[in-house]
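Colleague: Could you slot chain B onto chain A? The hints should help.
Which chain is which? The protein sequence lines are A and B, in order. In terms of my numbering, the first sequence is residues 1 to 279. In terms of my numbering, the second sequence is residues 1001 to 1117.
Hints may contain errors.
The list that follows gives simulated cross-link-like pairs (lysine to any residue, SDA-like), each with its CA atoms no further than 25 angstroms apart [stated by the list, open to error]: (1) B:Lys1108 to A:Ser159; (2) B:Lys1108 to A:Leu154; (3) B:Lys1108 to A:Leu150; (4) B:Lys1055 to A:Ala212; (5) B:Lys1054 to A:Leu215; (6) B:Lys1057 to A:Ser159; (7) B:Lys1054 to A:Ser62; (8) B:Lys1108 to A:Ser226; (9) B:Lys1108 to A:Gly229; (10) B:Lys1057 to A:Leu68; (11) B:Lys1054 to A:Pro209; (12) B:Lys1055 to A:His241; (13) B:Lys1055 to A:Phe69; (14) B:Lys1108 to A:Leu222; (15) B:Lys1057 to A:Ser59.
Keep in mind the hints are simulated off the structure, nothing from the lab.
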Amino acid sequence: MFGSAVIVFREVLEAAILIGIVAAATRSIPGRSRWLVAGLLAGLAGASLVAIFTDAIGSLASGIGQELFNAIVLGVAVLMLAWHNIWMSSHGAELAANARTVGSAIRDGRRECSVLMVVVGLAVLREGSESVLFLYGILASGGTGVSAMLSGGLIGVLSGVLVGYAIYAGLLRIPMQWFFTATGILVLLLAAGMASQAARCLIQADLLPSLASPLWDISDTLSESSVIGMLLHSLIGYDSHPAGMQMVFYAIAFGTTAAGMKWAGRRNQKQIYKKEFKP
Amino acid sequence: MKRLGTKLASKLCLAGTVLCWLIPFTARAADADYTLVIQDHRFQPAELSVPADKKIKLTIDNRDATPEEFESHALNREKLIAAKTSSTIFIGPLRPGRYPFYGEFNEKTAVGVIVAQ
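With the rest of the complex left out, here is chain A (with noise of 0.2 angstroms):
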């Protein structure tokens, strides 16, 4: 029982800690909470979906087209949050918060929203098929130990929703001047840690060079499989020993995200300073 909590814990704190993270930095977008839960849903149906269809996914593109659909998904989540947080800079929070007033903000919020509906859908979907899989096959075996087994993973959903719901409730507590400093950080992070996965499943599918395997190994000063390696894998990425190619990939994930970022910033003073000074 404790073996498949642990198993399914890995898969849902990933998603949990993604959705904790995007729900505070959404907070003030009226109404993102629907979308939120609309995606969940979505993500779930979805990673039944997938997992449904695990053989023919994987045996698409001469067998790597598991690799390749999870670098997909990885990429466009990395797209959607880098243009939350480019819209974050180009919006301002306090327009964000007035989206309700605003004739066109109104239209930005709604599709703000839906760009996070896709990002928390798609986390869903990623790791949600991999615990239904296995879980299916707990099941499909049957025999003795399977209501130990199948609570075991409830254990294991239950535990993940919790920390991502403790990383939500943290971020709350931030007192506001720092809130969306510290959220438009915590995204980027994701953001770059999803690109270093998703680099990594090109690797594993040979359509990209590892480029130094690994870069680095810092496994015995802090291993993926501790409780911080875990968390601080789902955070910011943390790989202990990545390929040299994950390095690059999350660089420049986090590079351009953070140049737009500066980018979409420095234009918003632009027109709040022709605003005031030029009627």
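Modeller: Frame of chain A, contents of chain B only:
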């Protein structure tokens, strides 16, 4: 909003260009083919010898009625394999040494090691 779309598009182009530049450096043909069989939640062979410093194409044949996830921290590889299905992953080139792997869904029995020499 249009300008944001352009920004995204230019990022995509940048990523695409980087990828295209890198693709010529990848060799799709592996130097060696090996197979691992999953039977009764066990890997066969449990110890697989492969040549070091060569790219290896590893086929994992899951003959069980339940899915398994091939995972290895040492090899930095992870793949779900559905029941009664075969799947392929690429590993290496590996430095000489031992690289343990396991089946995440049946960690007690599904363990093995790849020995590169």
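Colleague: Could you run down the list of hints and mark each one as holding or not?
Modeller: Now for the hints, and whether the structure bears them out:
no. : hint                  : in the structure
1   : B:Lys1108 to A:Ser159 : 23 angstroms, holds
2   : B:Lys1108 to A:Leu154 : 21 angstroms, holds
3   : B:Lys1108 to A:Leu150 : 18 angstroms, holds
4   : B:Lys1055 to A:Ala212 : 13 angstroms, holds
5   : B:Lys1054 to A:Leu215 : 18 angstroms, holds
6   : B:Lys1057 to A:Ser159 : 37 angstroms, violated
7   : B:Lys1054 to A:Ser62  : 21 angstroms, holds
8   : B:Lys1108 to A:Ser226 : 19 angstroms, holds
9   : B:Lys1108 to A:Gly229 : 22 angstroms, holds
10  : B:Lys1057 to A:Leu68  : 17 angstroms, holds
11  : B:Lys1054 to A:Pro209 : 13 angstroms, holds
12  : B:Lys1055 to A:His241 : 19 angstroms, holds
13  : B:Lys1055 to A:Phe69  : 23 angstroms, holds
14  : B:Lys1108 to A:Leu222 : 23 angstroms, holds
15  : B:Lys1057 to A:Ser59  : 15 angstroms, holds
Of the numbered hints stated above, the single one contradicted by the structure is hint 6.
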